[in-house]
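Make a model of the complete structure from these sequences and hints.
Heads up: the sequence lines are chains L and X, in that order.
For the first sequence, the numbering used here begins at 2 and goes up steadily by one.
For the second sequence, the numbering used here begins at 2 and goes up steadily by one.
Keep in mind that the hints were calculated from the coordinates and are not lab data.
No experiment lies behind these values; they were computed from the predicted model shown.
Glycine included, every Cβ here is placed at the ideal spot set by N, Cα and C.
Any given hint could turn out to be false.
Listed next, the stretches of chain L that the computed footprint assigns to chain X, with coverage defined by at least 3 CB atoms under 8 angstroms from CB atoms of chain X [claimed, not checked]:
#1 46-54
#2 101-112
Below are the EDC-like pairs computed for lysine to aspartate or glutamate, each with C-alpha atoms no more than 20 angstroms apart in a straight line [stated by the list, open to error]:
#3 L:K59 - X:E103
#4 L:K50 - L:E16
#5 L:K50 - X:E103
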Amino acid sequence: AQSVTQLGSHVSVSEGALVLLRCNYSSSVPPYLFWYVQYPNQGLQLLLKYTTGATLVKGINGFEAEFKKSETSFHLTKPSAHMSDAAEYFCAVSENTGNQFYFGTGTSLTVIP
Amino acid sequence: DAGVTQSPTHLIKTRGQQVTLRCSPKSGHDTVSWYQQALGQGPQFIFQYYEEEERQRGNFPDRFSGHQFPNYSSELNVNALLLGDSALYLCASSPTGSFLGEQYFGPGTRLTVT
Numbered sequence: 002a003q004s005v006t007q008l009g010s011h012v013s014v015s016e017g018a019l020v021l022l023r024c025n026y027s028s029s030v031p032p033y034l035f036w037y038v039q040y041p042n043q044g045l046q047l048l049l050k051y052t053t054g055a056t057l058v059k060g061i062n063g064f065e066a067e068f069k070k071s072e073t074s075f076h077l078t079k080p081s082a083h084m085s086d087a088a089e090y091f092c093a094v095s096e097n098t099g100n101q102f103y104f105g106t107g108t109s110l111t112v113i114p
Numbered sequence: 002d003a004g005v006t007q008s009p010t011h012l013i014k015t016r017g018q019q020v021t022l023r024c025s026p027k028s029g030h031d032t033v034s035w036y037q038q039a040l041g042q043g044p045q046f047i048f049q050y051y052e053e054e055e056r057q058r059g060n061f062p063d064r065f066s067g068h069q070f071p072n073y074s075s076e077l078n079v080n081a082l083l084l085g086d087s088a089l090y091l092c093a094s095s096p097t098g099s100f101l102g103e104q105y106f107g108p109g110t111r112l113t114v115t
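Okay, here's the thing in structure tokens:
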């Protein structure tokens, strides 16, 4: 069975500060891992994904995430927060067939000016 | 190129009624998945359609059913609505052989059951 745990349902950072959103997963097979962002009243937008290969993945808007198999983690980071980063962020895991995604409960990011 | 579109945007129904939600996938995509996102929660997988057949299903009762048409568009039907069915319903599409597991999401349909 696969599952995702996102530690911290709400995270607040100052503008310009480091953003760190935590994601731990459980998977019985090598996982595909994703981060999605959701702005109010909108659908989900893919930020980045890990499938195979390099464990440090770079995405859009300056975000990146590192797959750490030993820690079963896929934390999302951004060196400098911007006001436009305020949104809900979801981590998701999928088997390599990509047929079904399991999402975490989300982390709401607030950026303080 | 239009992305994934869903209709209607918002819907209000009464308990016991039936509802149909619609989704048009992104151009070139033939696989459609449906998710339910309750307030404050992550999306929960309902089912996936490919070649007009349900390929995989999540842990949802039979009140939830779907259909995929030859043009790859899809419908989600929910019968005997309950208050707990109030949620944002998201449709996601992906191309054949999408072993990279990448899905494109629509903006969703907000269903309110009163």
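- [ ] If any of the earlier hints don't hold here, list their numbers in rising order.
- [x] The structure breaks only hint 4.
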